[in-house]
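A.B. asks: Here's the letter readout for the chains.
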Amino acid sequence: MAARDETVTDEEVAELIVGCARRDRPVFQRLYERTAPRLLGCLIRILRDRALAEDALQDAFVQVWNRAGQFEAGRGSAWGWLIAIARYRAIDLRRSEGRRPAGTGMPLEDIAADEDSVDTSAFGLGERATRMLSHCMGALQPRQRDSIVLAFQGGLSHAEVATEMGEPLGSVKSWIRRGLVALKRCLES
Amino acid sequence: MKRDEPDNLDLLAAEYVLGTLVGAARSRFKRQLGRDPFTSRRVRAWEDRFALLALHLAPVAPRAAVWEGISRRIGDSGRASGWRQLAAVLAVVAVLGFGWTIWEQLRPREPQATAVVATEAGVTLWRVAIAADGESLQVETTNDVSYPGDRSRELWALPADAAPVSLGLMPPSGRVQLALDDRQRAALALAANVAVSDEPAGGSPTGAPTGAVLYVAPLART
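Order-wise, the sequence lines are chains A and B.
Just so you know, we're using the working numbering here: the first sequence kicks off at 1 and counts up by one.
Just so you know, we're using the working numbering here: the second sequence kicks off at 190 and counts up by one.
Same shape as in the complex, but just chain A (with noise of 0.2 Å):
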């Protein structure tokens, strides 16, 4: 049941959450057609579950109903803003519930195949960021990158991704904080 895959802007989502702050509901609305899709997409890959993950998308628009006014514009992408709200809500909602992966989600080659069929640039994100997807996470080793992609879509523990990568826990933490450490220094060089 995907949506149509139709990319929208940062400054578009930007302008929308704007309207939010001014208590304007056919703006919120409007915000909710354009964006739920995507975000849905995120929380049934970190819920596995689609009415559990339904359920997270509702608790996180109405967060950002209620928090619209907190964004800054010029602090941040919007979209960042936006997922990183639904994210949380599903991470503490998957704790919470005790859910454990029900299968092995999405394989690596996938999220690999996924990345090249979709032009970042089109979300208007930025330069950097888009130059850190493709450039800094290209630049990482294979095993670094896989785990904190899994980590990051499946909004999994450290032990979970070991797990589904069937990897020792200790190698996959070495691998997520070298990996972000080669990230950080990709961004900031």
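Worth flagging that the hints you see were computed from the coordinates, not collected in a lab.
Keep in mind that the hints are not guaranteed to be accurate.
Derived pair list, reagent style DSBU-like, types lysine-lysine, alpha-carbon separation capped at 30 Å [unchecked claim]: (1) B/K219 / A/K184; (2) B/K219 / A/K173; (3) A/K173 / A/K184.
Chain A is already provided as a structure; the job is to place chain B on it using the hints.
C.D. replies: Structure of chain B alone, referenced to chain A:
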């Protein structure tokens, strides 16, 4: 590295955003995040950096019930668009107007005037009230009224400087409503008193009192 060193803090922020920071460490970091603007800026930066990874996942259209739930939960906390706001205001005005009209028609209204018809001993027999709109009289029996079956008790308006005008027959029990015509209304408007006379069954055949005037009662205007 110590926990509060900037590089380490930045990595903690990254692991918080990633989700790999768990349990007590996550709670502790969340508290620090609420207090420290530097920490929250680090977190915000990582949230933006990783956002594209989330946007790579295929979108899934939520079911309609999700928006309905959100809409219900945020209640009336927003303002509607101009037209909807205007429509809402008009609806309220219409409801209030309609309610006022109904209330005007149904609310009990003060009578124009009342008279209490009582015996010399002070026993109240009838209470007479001219309705607020002046269109009718309400007569209520308040005590046992006994008179021969072949007789009637007739009510008269006693206008100053004019002949009495019949208003109708008094009920032997219960209450009656007597409609008033123009002549009766005019007589009542000029009357200071009403009277009750003894008449043959069915009332005075002449249009004027034929029997004894039994009771006279002042009209109290309200």
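A.B. asks: Each hint needs a verdict: does it hold in this structure or not?
C.D. replies: Here is how each hint holds up against the structure:
1. B/K219 / A/K184: holds (21 Å)
2. B/K219 / A/K173: holds (21 Å)
3. A/K173 / A/K184: Distance ~17 Å between A/K173 and A/K184 Cα, so the pair holds.
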